[in-house]
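2 protein chains.
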Amino acid sequence: MTDTDTGKTGPLVIFTPSGKRGRVDPGTPVLTAARQLGVDLDSVCGGRGICSKCQVTPGVGEFAKHGVTVAPDALSPFNSVEERYDRIRGLKSGRRLGCQAQILKDVVIDVPPESQVHKQVVRKRAEARDIVLDPAIRLQYVEVEEPDMHHPSGDRERLLAALGEATGLAGIKFDHHLLPTLQPVLRQGKWAVTAALHLRPEPTVTALWPGFHEGGIHGLAVDLGSTTIAGHLVDLVTGEVIASSGLMNPQIRFGEDLMSRVSYGMMNPSGADEMTQAVRDGLNRLFDELATEAGIDKATILDSAFVMNPVMHHLFLGLDPYELGQAPFALATGAAQALRAAEIGLDLAPGTRAYVLPLIAGHVGADAAAVALSEQPHKSDDLALVVDVGTNAEIFLGDKSGVMACSSPTGPAFEGAQISSGQRAAPGAIERVEIDPVTKEPRFRVIGSDLWSDEDGFAEAIASTGLTGICGSGIIEAVAEMRMAGIVDASGLIGAADKCGTERSIPDGRTHAYVLWQGDEDSPRILVTNGDIRAIQMAKAALYAGARLLMDKRGVDTVDRVVLAGAFGAHISPKHAMVLGMIPDCPLDKVTSAGNAAGTGARIALLNIGARDEIEAVVHQIEKIETAVEPRFQEHFVNATAMPNAAEPFPHLASIVTLPDVDFNAGGEGGGRRRRRRGQGDS
Amino acid sequence: MTDTDTGKTGPLVIFTPSGKRGRVDPGTPVLTAARQLGVDLDSVCGGRGICSKCQVTPGVGEFAKHGVTVAPDALSPFNSVEERYDRIRGLKSGRRLGCQAQILKDVVIDVPPESQVHKQVVRKRAEARDIVLDPAIRLQYVEVEEPDMHHPSGDRERLLAALGEATGLAGIKFDHHLLPTLQPVLRQGKWAVTAALHLRPEPTVTALWPGFHEGGIHGLAVDLGSTTIAGHLVDLVTGEVIASSGLMNPQIRFGEDLMSRVSYGMMNPSGADEMTQAVRDGLNRLFDELATEAGIDKATILDSAFVMNPVMHHLFLGLDPYELGQAPFALATGAAQALRAAEIGLDLAPGTRAYVLPLIAGHVGADAAAVALSEQPHKSDDLALVVDVGTNAEIFLGDKSGVMACSSPTGPAFEGAQISSGQRAAPGAIERVEIDPVTKEPRFRVIGSDLWSDEDGFAEAIASTGLTGICGSGIIEAVAEMRMAGIVDASGLIGAADKCGTERSIPDGRTHAYVLWQGDEDSPRILVTNGDIRAIQMAKAALYAGARLLMDKRGVDTVDRVVLAGAFGAHISPKHAMVLGMIPDCPLDKVTSAGNAAGTGARIALLNIGARDEIEAVVHQIEKIETAVEPRFQEHFVNATAMPNAAEPFPHLASIVTLPDVDFNAGGEGGGRRRRRRGQGDS
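Chains as they are written, first to last, in our numbering: chain F, 1 to 683; chain P, 1 to 683.
Looking at chain F on its own, in the form it has when it is part of the complex (with noise of 0.2 Å):
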């Protein structure tokens, strides 16, 4: 509790919940006490008693804990406009206007949440950062002079003159699309208006309103990803989600992967235009659905903020990826942007701005500087490993004491891609697996519906959907079973049904297969191949390897902890993970999935000003590591292929469950020497 000494001997104010208190003036208002003891009270309007963002609640009688006693005429009775603003808009129960409540003796007064500036914005994770809304945008409206021919001065002079007053703030610019519009707006008005006012780099009038604008602001946050785009629209009032919408990239036509985009633009004159183009194409039709999904005008939204990998940066940019596809993988450039949204082809009004996150490398993008911004691995405590799981890993480990990242190439496997019944995440897709290791009979779940495959009432939960393939989460969860069941080895090759146990095993050229689902008149057969189980050892060796590399810089062995970002970590179960060697050993409730944590980031750059600061800062202080220079990157990989690892222990993983200790290459199957050169787990 503060007592903050205003030098003054008259009432004393208490405002709750901040415990601000000090005394103040006989009659002064709520609002200039709380701008006078640094209470967080908000005001669009100046104290004019029309935009009612100052409301308080005052509390009446006996305050124990803070020795006062409030009288009911502590405040000054309901004055005119109160009255009007009750009568016309409605003032909840006990709610006062701080601009125009005086205080007259002691009282304690409550800021609800919606009344102050720096809200909170409530995140559903326990151990996510809070997020204070301090957008880069803010509305301010003033009454501006009338021109006045004895003292000549532009329109433009005036408004700037009246804003500087009931802000403070110095050397506000003034976009110039908003010239021609202008005078009409300020006589429209009657000379007042509402502007909204961008703050970074400085102070800048990017829109206006006659009058007192009632409709709000708005921000869209964009993840922008390889395959899919993903949007928020957000109210900058409030910081809530008000709609969220996502598209695939239509870049996909050029390249299902980023380095067959980079060559489109190599082959093609002008590939590099038409990428642009279609994403820039892809992100107004999803603005124009996120605008109408929530019922909101399209010229509110005024801020946005972007997260992307480093191909998708650039083309997104308007920049020729072909430097980025080869070695020294340069950037044209890796800084934040601070741009107009016109100025990148973004059909938003035209005083929107787009504030796209720093790179952290060549490989490692404003995707994963959002992840840090959102997992904030450079304040951690203890050593944390975060991981954002796609088609490329990005990888961060490190504490307060510092932090390193990198990429890793882990291929669209864990999409579901290079999967012989692979698929995306939908409806339809297997996406748990469990293998009883007795009978070593199969269950499973479908996106969709909530019951096991065992269960009763399955084939009906499921036939709306069909039973179509199994998507990344499916695979790994059924390749670790089957591990765990012994019917696959360390090294990755699946047993005939004879050395396995289990009819399920069947050939499939020269390796074997196993039955997952038998297939009947709605579905086809899904078998998890010696082809699958190969992808996905690639994939989770490529994700280690990256992960040992950074604790082999760091000089550890072990990790405290390991954070799973990314749509697709959200569903990654940890033991499974841990089974395959995904990740590093560790304590499996020290596990734990951050969700869509690029888009999180992109959401509070987005909503604070200070994370913009924070993680430019935060990238330049990230040792980065290139994997593809590191000659022990290789040495990690080749380890990593096994299940869960040729050379590293993982006791944690141990304490909890035994893998079979089975191997099938003994009986000679074809490929097995391959298997065992690029493995070398088997033995």
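Simulated crosslink set (SDA-like; lysine to any residue; CA at most 25 Å straight-line): (1) K400/F x H151/P; (2) K190/F x Q326/P; (3) K190/P x S263/F; (4) K298/P x I609/P; (5) K173/F x H177/P; (6) K624/F x H151/P; (7) K624/P x L179/F; (8) K553/F x H150/P; (9) K624/P x W191/F; (10) K624/F x E146/P; (11) K400/F x H150/P; (12) K624/P x E157/F; (13) K173/P x A335/F; (14) K173/P x E202/F.
Hints listed in this document are in silico derivations from the structure and should not be mistaken for laboratory results.
Put chain P on the given structure of chain F with help from the hints.
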């Protein structure tokens, strides 16, 4: 002569013409010594022997004035860089490259004008301020660190670091439009690059060339008049005008004068937009012409400065001038505009900036601000009246203790409009007139010939142009000469032939006209009608009344000097102007012409960044007088319709010219009463 204490005991170096001197360590390059001693020596390449901007001329022998003897080996001999430069590009005899020549012994070094950063640009008029070359834009050659995958950073970031180091400037920004070409440019230049830095409002890279850029950089100074647009293409390295051109303002098709254009905008929904487009199209044509005429690459035009009246200002910036058509004449903005040329539809390089000088008031424009910048009334020791004569006259009265300004609606008569035989100043127009006070016979000169009409060979001399009409300066001289010859009286009435003593006075409706030229088969008869005289009286009365109003406000009856600005002002004869009473009485040798001071002011703002600060400050300090609402303006106007004036004494004029005391109203000619009511000066 300054002697800088460098704390060193090595050889003494004296730079001329600055006289700066000090001791340096033996072996110090001349460029380094110049920087240590604060000598203005240019260098774009930062001492790499590439740009040759730092050329100097060392002296040899006895320098009694400086008290040193310079040995032949005072500087190090030619090194390989200088030898190569001399072989390939040639070094003038006696010259050295300042970045290569090292100081070994006491030496006197002359910095030639072209090696100074802040060169002086020659102005022809002795009384004019000097223009010091210090443009908003500069070139800098740098070598950029190559990318290193172990220390990933963007090419842009490494370029900015190199520029920051080379220039000492902090926080250099980078135009987004350059990003797509940055990577190819750096690689084409083998990591050497020349950047154009625009210094306002913060240093920003606005153009890039691979390697060392040889093509120079250019700027445009544009005077955007209601009738004509004049553009100068300026070399920003030398400060010289390399091409000048003009065109009719294409807006003329929407209205000859400004108020008819304002009306066009009011009457037609997209009228203002059409006029904006017309003037921008015209400017783009002009810029193409200028670049072609000078033979330069238009992409090297990187800066521009614009001056114009308030209505043209608004139309140029895309603003509806509606409010300027009525009190209180509210400007949308009057502040100086620092824009990108592309923002206002100019087809220049994407990084090109446009600086628009500030307006002074609703009727006093950026062209007037440019006149103030050129003529500097705010720095005058004596009381100066500065008049920019055009369709409106902008008038300044003041000295270094303070300046007032107003605008007065003279109308287009001074430009030859509303005159029976009037035309613009062009070949074939009568520009000078003399009338013999005894014979009352005229002689005149025609634009395009130096001969008077009574000289031998005149007919041949004007054969090619013909004799087509009379321009503004011609009609002023004609009317003044008619007044001096007693053909017209103080009220402006032309006497009948018998009253004024010449058969050249012929009846013309209810009044008379004077036959200036009888005409022949090739040319029309040219009369000065009483209507012409009336038009000149109205125009000159408006001009005088504005000046007199400022004198009232200042509390003076006389001024120390008069400056006539404007292309037309350059051609007005001071004596004739004073006979008419256009300007207040003062010694004739104190009436000077400033030529196209508005255009000069635009060029000053283009060439000197400090001048932009200066004029932005000065326009705030100027006291603005709105003539339209000053009651005394009308009184001064009525008095000033007489020639020279019905109320004011003109003692200096009286001392050199005796005006005939004639009065042609007594004869009861038609219209006399009407004229008396308006003129009142004929008593």
